[in-house]
Amino acid sequence: MSESWPALEVLVPGLETTIQDYPGRLGHQSRGFFPAGPTDDLAFRMANALVGNDMADAALEITTGRCEFRVRADSVVAVTGADGAGISCNGRAVPMWRTVAIAEGDVLTCAAVRGPGFRLYLAVAGGIDAPVVMGSRATYPVGGIGGIEGRALIRGDVLRRFDTAPRVPRRVPHDLRPRLTSEWEIEVMRGPHADPSLLTEADWRDFTTRRWRVDLSSDRGGVRLNPHRFTWARASGGVAGGHPSNILDGQFPLGGVAAEGDVLVILGPDGPTADGFCVLATVVEAGRWKTGQVRPGRDAIRFREVSLDEALTLARRVAYATDPAHYERLPSHHAAR
Amino acid sequence: MLSQRALVAALDELHEAQRPVRSLVLASRNITLPIAFDDSASREAVRRYAATTRPDAPNVRHGSNIDYLVEYNGLDDPRAFYDVVLGTAWWNAYTGFFPGLPFLYPLDPRHAITAPRYNPTRSWTAAGTVGIGGPCVAIYPVESVGSYQLFGRTVPVYDHLGRHAAFRDDPLLIRPGDRVRFHEVTEQQLLNDRREVLENRYSYDIRDDRFAVAEHLDQIAPLVEPAQRLRTAREQARQRTAVP
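Chains as they are written, first to last, in my numbering: chain A, 1 to 337; chain B, 1 to 244.
Errors might be hidden in some of the hints.
Label-pair ranges, simulated between beta-carbon atoms [unchecked claim]:
(1) B:L198 with A:L15: 48 to 58 angstroms
(2) A:G156 with B:A50: 34 to 44 angstroms
(3) B:V8 with A:R304: 40 to 50 angstroms
(4) B:P78 with A:R234: 25 to 35 angstroms
(5) B:A27 with A:R234: 30 to 40 angstroms
(6) A:E305 with B:A93: 31 to 41 angstroms
(7) A:R205 with B:A93: 54 to 64 angstroms
(8) A:S236 with B:D108: 50 to 60 angstroms
Simulated coverage check for chain B against chain A, where a stretch passes if three residues somewhere in it have a Cβ under 8 angstroms from a Cβ of chain A [as the list claims (entries may be wrong)]:
(9) 98 to 109
(10) 113 to 119
(11) 122 to 134
(12) 138 to 150
(13) 214 to 228
(14) 237 to 244
Since the hints were made in silico from the structure, they are not lab data. Where is the CB? At the ideal position from N, CA and C, for every residue including glycine.
Isolated chain A (complex conformation) (with noise of 0.2 angstroms):
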């Protein structure tokens, strides 16, 4: 491992800001981990091919802004993620979607976000240093495990970053960013829990066409949407529990939608691995990024379901988008250090 040493002292933490890395903590659902990891892992991955890092290296993931951090070693970053962000550095803005040299002395600020969008990930070059926990560096606060102590980040933490050589400043073209805004269509595919034995196909048309709010109790364990009766196929869950969205417990797979009673919930990467509730559908891998910036209290979601086919042919879109090779490069004197 190479050596690392103070990069970003945290002066403002903000309201949720912690350590992630991507994909997280993987291969511990049966102990009942899931793998924590940033919840727009798209934005969080571009961060990081801005910044000429490995995709697995560890970065931060700010919810709702607001924080500032002074700099302690020159550095080079790039901010991606939510509009209406207001990134400073010093007092003048910093451009997102873009490599940035940042100088020893300086101070990085994050206003709030104004949205569309929710969280903005900040990638340092040479990764955040934090000790490997079962083999990740994610935060994931419930476990009480990864990043700094399991928690989010407070005042008078120092973020560590790994040595580095000199990158290549680059700027993610405007067609490969993401498109923010407050009504999203969610990509899904049916099931696992969506047969005609438990929901009928009026409830699918229903769950497919219904414009689903955000409710203001969202995090990184779940997207919460607006309470619900669907008709459901039969009247009692049986033994499972009363409710008909009742079942044997069983394992969840991450980005299920589950009918929790009568509410909804799009299982985040802090959520649970395994409960007693039907999942009608699954976020496809390349829609999950959208869960991390859909704005709890104020924005919309509708699901559309795509075939596996569709699936891969959004996943392949994914990947190009966070190969920096497609990056437009930059003089080198905008991130010289």
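Given chain A's structure and the hints, the job is docking chain B onto it.
Below, chain B alone, put in the same frame as chain A:
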């Protein structure tokens, strides 16, 4: 990347390779844990739920879920419910939800009780709380959301910091295939036990053992009929009770 077809084929192969369930002999420890019924931490979770999420929930009565559980299972009183919980070993079928949560099923079929889940779910549950959803009893290992009806609290079953020696090799106390028995203590005693765990002074009662499925099935064979009668009575009670 594995194709969908190759994944399904691999799963089929794995499934085919499984031995008949009756022939299995598994490593299975006997773990005895203290439980304080109707304790203040589970009541606090219920109180917050009623105050912030659903004031008119039919599963909340007198600040707890216990009277609802009693009625839903056609039992006489809370004491009868506690005796059902205490009178059987609970089999950890698998671990999930959050780190180290055991999904426990009763090995004595006469102790098969059920409960519907919260609707909507609860936003806060204290670590160590014990609840039931469907036919599963669970111990909440960490502070978390939840949907099970709560009825008591036990000692820690997860500690990533390894403050107690029982967690030094593995932050999860209960493994799939382990059997859990509860013994009743007062809340004062439980809080004392929980503190002793943090100070590494508590003595977890864990005994290595094996579990032969065929032996178990033979043992419970005479209980199947009485269990069926109880199940019918409980089903009738269930149908009379409002669901959240």
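(request) Check each numbered hint from earlier against the structure, then list the numbers of those it violates in ascending order. (result) Hints 1, 3, 7, 8 and 13 contradicted; others consistent.
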